[in-house]
Amino acid sequence: MKTLVWVEHDGSAVKDATLAAVAAAAQMGAVDLLVAGSDVQGVAQRAAGIVGVGTVHVADDAAYAHALAENVAPLVVKLMADHDAFVAPATTTGKNVAPRVAALLDVMQISDILSVEGEDTFTRPIYAGNAIAKVRTRDAKKVITVRGTAFEKAAGEGGTAVIAPVESTGDQGLSVFEGAEIAKSARPELTSAKVVVSGGRALGSSEQFHAVIDPLADKLGAGVGASRAAVDAGYAPNDYQVGQTGKIVAPEVYVAVGISGAIQHLAGMKDSKTIVAINKDEDAPIFQVADIGLVGDLFKVVPELTEKL
Amino acid sequence: MKVLVAVKRVLDYNVKPRVKTDGSGVDLANVKMSMNPFDEIAVEEAIRLKDKGVTEIVVVSVGDAKAQETLRTALAMGADRAILVTSEEAVEPLGVAKILKAVAEEEKPDLIILGKQAIDGDNNQTGQMLAGLLGVGQGTFASKVELADGSVTVTREVDGGLETEKLVLPAIITTDLRLNEPRYASLPNIMKAKSKPLAQKTAADYGVDVSPRLTTLEVREPAKRQAGIRVADVDALVGKLKAMGVAN
Ligand SMILES: Cc1cc2nc3c(=O)[nH]c(=O)nc-3n(C[C@H](O)[C@H](O)[C@H](O)COP(=O)(O)OP(=O)(O)OC[C@H]3O[C@@H](n4cnc5c(N)ncnc54)[C@H](O)[C@@H]3O)c2cc1C
Ligand SMILES: Nc1ncnc2c1ncn2[C@@H]1O[C@H](COP(=O)(O)O)[C@@H](O)[C@H]1O
Chain A
3 MKTLVWVEHD GSAVKDATLA AVAAAAQMGA VDLLVAGSDV QGVAQRAAGI
53 VGVGTVHVAD DAAYAHALAE NVAPLVVKLM ADHDAFVAPA TTTGKNVAPR
103 VAALLDVMQI SDILSVEGED TFTRPIYAGN AIAKVRTRDA KKVITVRGTA
153 FEKAAGEGGT AVIAPVESTG DQGLSVFEGA EIAKSARPEL TSAKVVVSGG
203 RALGSSEQFH AVIDPLADKL GAGVGASRAA VDAGYAPNDY QVGQTGKIVA
253 PEVYVAVGIS GAIQHLAGMK DSKTIVAINK DEDAPIFQVA DIGLVGDLFK
303 VVPELTEKL
Chain B
22 MKVLVAVKRV LDYNVKPRVK TDGSGVDLAN VKMSMNPFDE IAVEEAIRLK
72 DKGVTEIVVV SVGDAKAQET LRTALAMGAD RAILVTSEEA VEPLGVAKIL
122 KAVAEEEKPD LIILGKQAID GDNNQTGQML AGLLGVGQGT FASKVELADG
172 SVTVTREVDG GLETEKLVLP AIITTDLRLN EPRYASLPNI MKAKSKPLAQ
222 KTAADYGVDV SPRLTTLEVR EPAKRQAGIR VADVDALVGK LKAMGVAN
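Quick mapping for you: the protein sequence lines, in order, are chains A and B.
Using our numbering, the first residue of the first sequence is number 3, and each one after it goes up by one.
Using our numbering, the first residue of the second sequence is number 22, and each one after it goes up by one.
Next comes chain A alone, as it looks inside the complex:
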C-alpha cells in the first residue's frame, strides 16, 4: 500500500501536524508527500528530510498558493492514480481539502483517526469524543484525516526522499483568495505546545484575559487557549478556541482557568497528560477530569501563582 500525505506548511516551514500524519501513514505502508504551493522549493527540501518518505511530489504554482480546495483537489486526484490512500492532518486545511478529494474519488472519508488498526480499519472519535468508533472501510482507495495528538510524530530530519515536480492542474476559476488575518505570536503554537494555559468566560474582558492569563503563560512557556464562551465574548481570538469544534490539544500540562468543563470543551483537551483546573465553583465539571484542582477566585489565585513560580 502506498500513501500520499498532504504537507501542511506556511510557505517556508513544514507544520508539525504533517509529522503526525506521516507517522499514521507509515503504519499503513509506503509514504509519499505532496507539497503544493507557490515558491515552495524550500518547503520541498525540508519535507524531503522527513524520515520514512519515498518521494516528495512538488506542485509549484500560483494556483496552489493558498491551498484553495477547488484548485488543490484535482491535483491530489491526479496523484491518487498511483496511490492507495490520501492522508491529511486534521487541520482546517486538511478538513477543507480532503473531503473534496474523497467525493471526487467516490470514497467515504474517515475523519480524525486516532489509530490504525489494519489496512482498512481505524478508530475515530464521535459525539465530541464521548465515544470511540472502530470502523472498517470497503472503499478501494482511502481518504483519511489524522488527529495530530494521537500519533507520535515522525522525525523531521535525517530522511533522504526524492523530489519530483508535478505539473499543475491549474486554477479552476471557482474561488479567489482575498486575504488573511493570521495572528503572529511569539508563544508556542497551541497544538504543539508542551504547556497550555486556557481562559474561560470568567475572565470577563479581553483586558483581564490578557492581564491574568498571559503572565502565567509566559512563566510556563505555554501556549494560550480559550473556551468558546471566551472567544464568543471577544476576550480571545477565534484561533484560541479549544474543543470539539476548535483545536484539539494534548499537552503535558493543561491549565484551565475559569472554565466550567462543558463536554464540548473537554473534547479538545481531555487527552492532556496532566490537567490543572482553577475554578471558584467546587462542583464545576472540569474538576471531574482535573488531576490537580484548586478551588478559588482566579483573579486572586492566578496572579499569586504567577508570582510564586
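Derived by calculation from the structure, the hints in this document are not laboratory data.
Where a beta carbon is used, it is the ideal one built from N, C-alpha and C, also for glycine.
Misleading hints may appear alongside valid ones.
[What the hints assert, rightly or not] Within a straight-line C-alpha distance of at most 20 Å, the following computed EDC-like cross-link-like pairs (lysine to aspartate or glutamate) qualify: (1) B:Lys261 to A:Asp220; (2) A:Lys310 to B:Asp254; (3) A:Lys282 to B:Asp254.
[Said to hold, decoys possible] Stretch by stretch, here's where chain A covers chain B in the computed footprint (C-beta under 8 Å, at least three residues): (4) 50–57; (5) 60–73; (6) 86–100; (7) 169–180.
[To be verified] Only part of the chain B face toward chain A is listed, based on derived beta-carbon distances under 10 Å: (8) Gln149; (9) Arg241; (10) Arg246.
Starting from the known structure of chain A, fit chain B with the ligands onto it as the hints suggest.
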C-alpha cells in the same frame, strides 16, 4: 435568488451521549433530539440574506420520519419549503452529499448552506463533498458571508486566524459558530410552519446509491481519567508543578 439549507436531526448538544453496553453504538432511545447547532446557524444565515436578495429558502433533511420535526423547526424560523428524504438506515456524508447534489440539480439554488459538522458523527465532510460533486466553490467554516451579484465573499475561521475568499455563485458555504446567533421560533411562527409545504422523498426517488462504505465494528467509551486531587492553596499547587518539572 434561492438558497438551499441542509439540516440534520442529532442528539441534543446538552445531552451526555451514552455508549450502549453491547458496543453497537450510542443510545438514542428516549433522548432529546434537536437540530444540529451548526445547521440552526445555517438556517439563520439564509433568513438574514432575505434582506440581500434571497427570495426563497428550501430546507432539506436526510433521515427517518422524525426529521420532519427538525424541518418544521426550520420552517418556523423562517424557511419557506422543506424536503425530507427518508432512509431507514443512517446515510453517510458521501451518501448525503449525493442526495443533496440531486436535490440541487432539481432546485438550482444560487447558494447552498450547510453546517461545518454534525455533532454526532463529527465528520466535517458533507459540504466539501457536495461542492466537489457539483464542481462549485466552497467557503467552509464561515464566520462572515457577504452576498454580491454573482459572487459571495466568505470569511473563514482557520487554524491561524481568519481567511477571506471570494467564490463564484452557485457556491457552498459551511457555517462556523460565530457566523450568527440563531433566533428562536415564535409561537405564531410555529403554528404558521405547520401549513408550509413539506415534500417527502426517498433516496431511490433521486436514483442515488447510498449504501454505506464504512462498517462500524465497535463503539466504546474512551478511557476514563483517574480521579485527581484537590490542593488547598497556591503554595501546594506550586509544589506540585515543580515536582512535575513544569516550573523550577
Ligand atoms: C455545537 C457546539 C459546539 C461547541 N464547541 C465548543 C468548543 O469547541 N469549545 C468550547 O470551549 N466550547 C464549545 N461549546 C460551548 C460549550 O458548550 C460551553 O458553553 C463553553 O465551553 C463554556 O465556556 P466557559 O467554561 O468559559 O464558560 P462557563 O460555562 O460560563 O463557565 C465559567 C466558569 O468560570 C467559573 N468562574 C466564574 N468566576 C470565577 C472566578 N472569579 N474565579 C474562578 N472561576 C470563576 C465558573 O464557576 C464557571 O465554572 C460548544 C457548544 C455548542 C453548542
Ligand atoms: N442526514 C443529513 N441531512 C441533512 N443534512 C445533513 C445530513 N448529514 C449532514 N448534513 C449537513 O452536512 C453538515 C456537515 O455534516 P457532517 O459532514 O456529517 O459533519 C451538517 O451540518 C448538515 O448541514
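Status of the hints after comparison with the structure:
1. Note on Lys261 (chain B) and Asp220 (chain A): the hinted pairing holds, with a Cα-Cα distance of about 19 Å set against a maximum of 20 Å.
2. Under the criterion of a C-alpha separation no larger than 20 Å, the hint pairing Lys310 (chain A) with Asp254 (chain B) is consistent with the structure, at around 12 Å.
3. Pair hint Lys282 (chain A) plus Asp254 (chain B) holds up; C-alpha atoms about 12 Å apart against a cutoff of 20 Å.
4. Judged by the Cβ-Cβ criterion of 8 Å, the region 50–57 of chain B is not covered by chain A as claimed, because only 0 of its residues qualify and three are needed.
5. Given as covered by chain A, the region 60–73 of chain B fails the check, having 0 residues with a CB less than 8 Å from a CB of that chain where 3 are the minimum.
6. Counting residues of the region 86–100 of chain B whose beta carbon lies closer than 8 Å to any beta carbon of chain A gives 0, which falls below the threshold of three, so the coverage claim is violated.
7. With 5 residues carrying a beta carbon less than 8 Å from a beta carbon of chain A, the region 169–180 of chain B meets the three-residue requirement, and the given coverage holds.
8. Given hint, Gln149 (chain B) at the interface with chain A, holds; its Cβ is 4 Å from that chain's nearest Cβ, closer than 10 Å.
9. At its closest, the beta carbon of Arg241 (chain B) sits 6 Å from a beta carbon of chain A; the interface hint therefore holds under the 10 Å criterion.
10. Because the smallest distance between the Cβ of Arg246 (chain B) and any Cβ of chain A comes to about 5 Å, under 10 Å, the interface hint for this residue holds.
Going down the numbered hints, you'll see the structure goes against 4, 5, 6, while the others check out.
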